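Starting from the structure of chain S, add chain Y where the hints point.
Number of protein chains: 2
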Amino acid sequence: MELYYHQHILTDPTLPEAEAHHCINVMRHNTGDQVFITDGKGTLYEGSIQIQGKKKVQVADVQVLRKQEQKRKIHVGIVPVKSTERLEFMIEKLTELGVAEISFIASRRCERDRVNTDKLEMRAIAAVKQSHNLYVPKINPMIALNHYLRATTSDQLYVAALTGDNPQALSKQKLSDGSVTILIGPEGDFTDTEMEDIILSGYQPVSLGSHILRTETAAIYSAVVLGIIQ
Amino acid sequence: MELYYHQHILTDPTLPEAEAHHCINVMRHNTGDQVFITDGKGTLYEGSIQIQGKKKVQVADVQVLRKQEQKRKIHVGIVPVKSTERLEFMIEKLTELGVAEISFIASRRCERDRVNTDKLEMRAIAAVKQSHNLYVPKINPMIALNHYLRATTSDQLYVAALTGDNPQALSKQKLSDGSVTILIGPEGDFTDTEMEDIILSGYQPVSLGSHILRTETAAIYSAVVLGIIQ
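Residue numbers (my numbering), protein chains in the order written: chain S, 1 to 230; chain Y, 1 to 230.
So here's chain S without its partners, still in its complex pose (with noise of 0.2 Å):
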């Protein structure tokens, strides 16, 4: 099944104008023909296109045929890896697996001062498309990791930490639906004194088992575990 999107289908029949490229050039779609639309929000769309002009396309009689529940709200807050293309396949996985909310934080060992939040976005979109999950998750821009910390609330918190107390795996945690937040530092880790500040906003430290994981694995390994905890 081939899936298009459009965010506010329901109040703008106007394909945007990379869909409507695929539509009418890779796909060779011709006035009449049936598609399926996402808003990524969670539903899916039926409607009948009808082509206006060489990069214009509307979509008729929309219809909800879909609704997909996303029970677990999960969040990654992650100091982003210096490379484009591992924070790029990290967005397609993180997609795939559901993650409903992706934010960037500079902390201090971060080896970025910014990210491209619209690229990441297309590739968002590119892998719900593919991946037929209907969530496109909301990517917020970087932001230093104190406002991070204020702004974000959740009904579980954790941060992965790679020392500590021995801190518990996050396979073994219980959760509830509801969101969960998992809150991941750069190579090198958080500092110690941005560690305290964590916890005393109310971060569980957990541990993502075993082996040193590179930070985007970190972020896919926490969003496999959280979908599947009970």
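Heads up, none of these hints are tricks.
Identical copies go unnamed one by one, so any copy, or any two together, can satisfy a pair.
Taking lysine to aspartate or glutamate pairs in the DMTMM-like style, the calculated list, with each CA pair at most 20 Å apart, reads:
(1) K54 with D12
(2) K129 with E187
(3) K129 with D189
Calculated from the structure, these hints are not laboratory results.
Computed from a prediction, not measured in an experiment: that's the story for all the values here.
Chain Y only, in chain S's frame:
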């Protein structure tokens, strides 16, 4: 901690050329410096280096520092994806996650004739050196599905099922220590006939959650789950 790889460190004191290059030209070590070496089979050694030329390093006074156990041997059997980048990324992640063995399988819908196992092994060795997981996974060259099914034995055998009669979730399985294999099909899955052969060979179909995962994501997801379930 900087880690060198030498499979036969106990019987041959000479570091492989790439490792010697790293030691002399990148890390700028001198004779007498202490270094850490792993055999990729779970043992960490310490030794003292002797530089014997521009590309030759020998290690003297080799001592065992630590042995890492691998209680559960995870074997991922997978039909390889077309993109070499995705394949290499998968190998890196499976190595970080401590997978013991990776087999590449030619199935009807496979999009590759071969995989370059030497190159993938280099990527796995790099991941071992980076993650300090002391096991380089055994990477098997591509073989036909029926040969693979005949050759593979494991205490538990699972196959990722996209469809079928409501397969149980992999995350709900009970595992003992020992060996476990997860078999993952290509984009478009195994054919019905192939799936029959797989099930007749003793593989239990399991679901990998509610989303459609890319092949390499399915492998990473399975490695995380098989690493944490009891």
